[in-house]
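Colleague: From first to last, the protein sequence lines stand for chains A and B.
For my numbering, count along the first sequence from 1 and bump the result up by 8.
For my numbering, count along the second sequence from 1 and bump the result up by 243.
Incorrect hints may have been included.
[Stated by the list, open to error] From the structure, some residues in chain B lie toward chain A, with a derived Cβ separation under 8 Å:
hint: 1; residue: L266
hint: 2; residue: T276
hint: 3; residue: M455
hint: 4; residue: F575
hint: 5; residue: A577
Hints are computed from structural coordinates only; laboratory data are not their basis.
Cβ atoms here follow ideal geometry from the backbone N, Cα and C, with glycine treated the same way.
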Amino acid sequence: MKNEASDLKPASPKPWYDPRVRSVFFQIIAIALVFWGGWSLVDNTLSNMESRGISTGFGFLNETAGFGIIMSMVPYDATMTYGRTFLVGLANTLLVSAMGIVTATILGFIIGVARLSSNWLVAKLALTYVEIIRNIPLLLQIFFWYFAVLASLPSPRQSVDLGGTVFLNNRGLYLPEPLTQDGFGLVWGAVFAAIALVIGLRAWARKRQLATGQLFPMFRVGLAILLILPVLGYVFAGAPLEWELPSLQGFNFGGGISIIPELAALWIALSLYTASFIAEIVRSGIVSVSKGQTEAAKALGLPNGLTLRLVVIPQAMRVIIPPLTSQYLNLAKNSSLATAIGYPDLVAVFMGTTLNQTGQAVEVVAITMAVYLTISLSISLLMNIYNRAVAIKER
Amino acid sequence: MAEPMMKPPKIAIGPVAWMRQNLFSSWYNSLLTIVVGYLVITSVGPLFSWVFLDASFLGAGPEDCTGTGACWLFINERLNFFIYGFYPGELQWRVDLMFLLLAVCFVPQFIERFPGRKWFGLFGLTGLPVVGYFLIPGGTFGMEIVQSTKWGGLMLTLILAYIGIIASLPIGIVLALGRRSEMPIIRGICVVFIEVWRAVPLITVLFMASVMLPLFLPDGMNFEKLSRALIGITLWQSAYMAEVIRGGLQAIPRGQYEAADALGLGYWKKTGLIILPQALKMVIPGIVNTFISLFKDTTLVLIIGLFDILGTVQSTITDPAWQNVAIEGYVFVAFCFWIFCFGISRYSQNLERKLDTGHKT
Chain A
9 MKNEASDLKP
19 ASPKPWYDPR
29 VRSVFFQIIA
39 IALVFWGGWS
49 LVDNTLSNME
59 SRGISTGFGF
69 LNETAGFGII
79 MSMVPYDATM
89 TYGRTFLVGL
99 ANTLLVSAMG
109 IVTATILGFI
119 IGVARLSSNW
129 LVAKLALTYV
139 EIIRNIPLLL
149 QIFFWYFAVL
159 ASLPSPRQSV
169 DLGGTVFLNN
179 RGLYLPEPLT
189 QDGFGLVWGA
199 VFAAIALVIG
209 LRAWARKRQL
219 ATGQLFPMFR
229 VGLAILLILP
239 VLGYVFAGAP
249 LEWELPSLQG
259 FNFGGGISII
269 PELAALWIAL
279 SLYTASFIAE
289 IVRSGIVSVS
299 KGQTEAAKAL
309 GLPNGLTLRL
319 VVIPQAMRVI
329 IPPLTSQYLN
339 LAKNSSLATA
349 IGYPDLVAVF
359 MGTTLNQTGQ
369 AVEVVAITMA
379 VYLTISLSIS
389 LLMNIYNRAV
399 AIKER
Chain B
244 MAEPMMKPPK
254 IAIGPVAWMR
264 QNLFSSWYNS
274 LLTIVVGYLV
284 ITSVGPLFSW
294 VFLDASFLGA
304 GPEDCTGTGA
314 CWLFINERLN
324 FFIYGFYPGE
334 LQWRVDLMFL
344 LLAVCFVPQF
354 IERFPGRKWF
364 GLFGLTGLPV
374 VGYFLIPGGT
384 FGMEIVQSTK
394 WGGLMLTLIL
404 AYIGIIASLP
414 IGIVLALGRR
424 SEMPIIRGIC
434 VVFIEVWRAV
444 PLITVLFMAS
454 VMLPLFLPDG
464 MNFEKLSRAL
474 IGITLWQSAY
484 MAEVIRGGLQ
494 AIPRGQYEAA
504 DALGLGYWKK
514 TGLIILPQAL
524 KMVIPGIVNT
534 FISLFKDTTL
544 VLIIGLFDIL
554 GTVQSTITDP
564 AWQNVAIEGY
574 VFVAFCFWIF
584 CFGISRYSQN
594 LERKLDTGHK
604 T
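Given only the sequences and the hints, what does the whole structure look like? Please build it.
Modeller: Put into structure tokens, the structure is as follows:
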């Protein structure tokens, strides 16, 4: 007798109807297309470069650059190599990004909270700011600050003088520079000691609270330690700090710290522009914490400050942090607009001058893109780790 | 003994009550109101007189800018340049016609009850680019050729943003579907493509398009500067578009996929008939928002030497014939962008509210 079950088995499908076979087939085609595209790109590029007499390889990084850069964080002069110009550009990019991130965050949080203010005037003013600034292109704002505002400042001889220590003119902003003397190590030591003490105290306070339920005024005490210890160290070391004042030397100022107008314009524009986006993120984050949470905290008898610190802010931060990081990334990427006003960032120095002088477009563009890719991917990675840490634990 | 009478409650309506609640609810708020109010009044007054009262509106040249306020006649004088760039004057009707068609297609989208507005929008996304392709450069139907080097101003800004969005939409859809694919190699290719383009700033993309594209292409195949910029913008924008569309694909409930499978639909029918129509509708606000940011980012093309609206204004400002008109020029461009972007963002917020049919918690 024949087994009837075998008749009920589906006929084995034709291979071109089998999803697994199809998927392998399509993937092979995709790989082939990508390889073919990549190979023809490389082939075209190599033959084009050969016909134009462009050399390949990264040897140019060790050649002498021979051009000056108006501002550098690392020691640089025209006799140094193209590799050094890359470092100068990278340092300048990181500098303006870091400055912008700090100010944009502070400004953005202030404006975001102001958007929710119970004061009608303040809330509307913040709304107006956000709606105007974020709807105007960033490049236009950079141009505005650089060509319209900073360029119309007085010349060095007629500088705006703030108490003989800070000078502002169309060549930049000049600040006194702190010069550390012998014995300043004691101050650093005091700073580290204070930080260690605060961390220890915090652990003790938490342990005590878990054991007895008693709260310790950690914030006030910690702040006092962090302020008082370094000041004591400073006094005991005999005030080991001197200020170098900027002064007019010939046609321009010398000495002190100078902020060139290119940097200032870029910094102001990046901060103001990004702050308008951060403000909206902060606002939506705070709004997202439901009213029941605050009410529940009140019902449990938590004081207002603790409600904010333990209930509202942690939940708001969960909403705020991911878009906030992408704003930071945007700011870092937008700092490349520096090239439009001549601030020597990575794109202006390396992809601009170095590329023009060496003609090695492929290598230079690849390096520049790799830098941005590294920054972007590492921040995304940190972001994902953080996200996993703060995500709501569902059981 | 009767209870002592309670005081009547404080007035809760009327301007006085409103001010007490919203401006002077506590000593702290009162102080804030006074300080902020003072700052606003002292800055708005001079600004108003600079823009309107003391400004010069009419005249023939720079010498007529006599007022202490803004010199608007400079905008008036150069308006043609700011809108059309170097496009020949007698052929500008073609650009005007395109502006008109754009308005006909997209203005009805703002009007709720406009009959057949969907078809206008669809034509704007499909037919209109074809019309523009023949109309703006000319060369067919006996129209005179206008080289793309002569295009500029607002017209160029709109061309860049419009083509950038329309070309990146299909690429973005393909990339988003690829990123959600179950085939690991296709998914990998799409992820790498999207992440690389999203990680680099637009300016490096434009540099690459203008410097390196000629190296990448075989001999004899070449594009002019505008097309190279457009290729760069499109590739860059399609990565962002893909992420927006992926958001929509992820928001479709699993049941929709399973129902389509249960009906025996294949991948393309499932995607084309069930998933994409729902997902795309859901992400219209997101697409509009990426359009706004692309629209603002098109100003970057001036760095590679194209004259968009900011580029034309910038070149006029540095023109020695006009002195000290930088602020006026920038305010004019800012105003143009602001009108567009603010209007469109309001539209997208409106849409978001309308599309939010309460399925989300």
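Colleague: Determine for every hint whether it applies to the structure shown.
Modeller: Hint check:
Restraint check, L266(B) versus chain A: the minimum CB separation of about 6 Å is within 8 Å; hint holds. Hint status for T276(B) relative to chain A: holds, with the closest Cβ pair at about 5 Å, below 8 Å. Hint on M455(B) holds. Least Cβ distance to chain A is approximately 5 Å, under the 8 Å limit. For F575(B), the interface hint is violated, since its Cβ never comes within 8 Å of a Cβ in chain A; the closest pair sits about 10 Å apart.
For the restraint placing A577(B) at the interface with chain A, the shortest Cβ-Cβ distance is roughly 5 Å, inside the 8 Å limit, so the hint holds.
Of the numbered hints stated above, the single one contradicted by the structure is hint 4.
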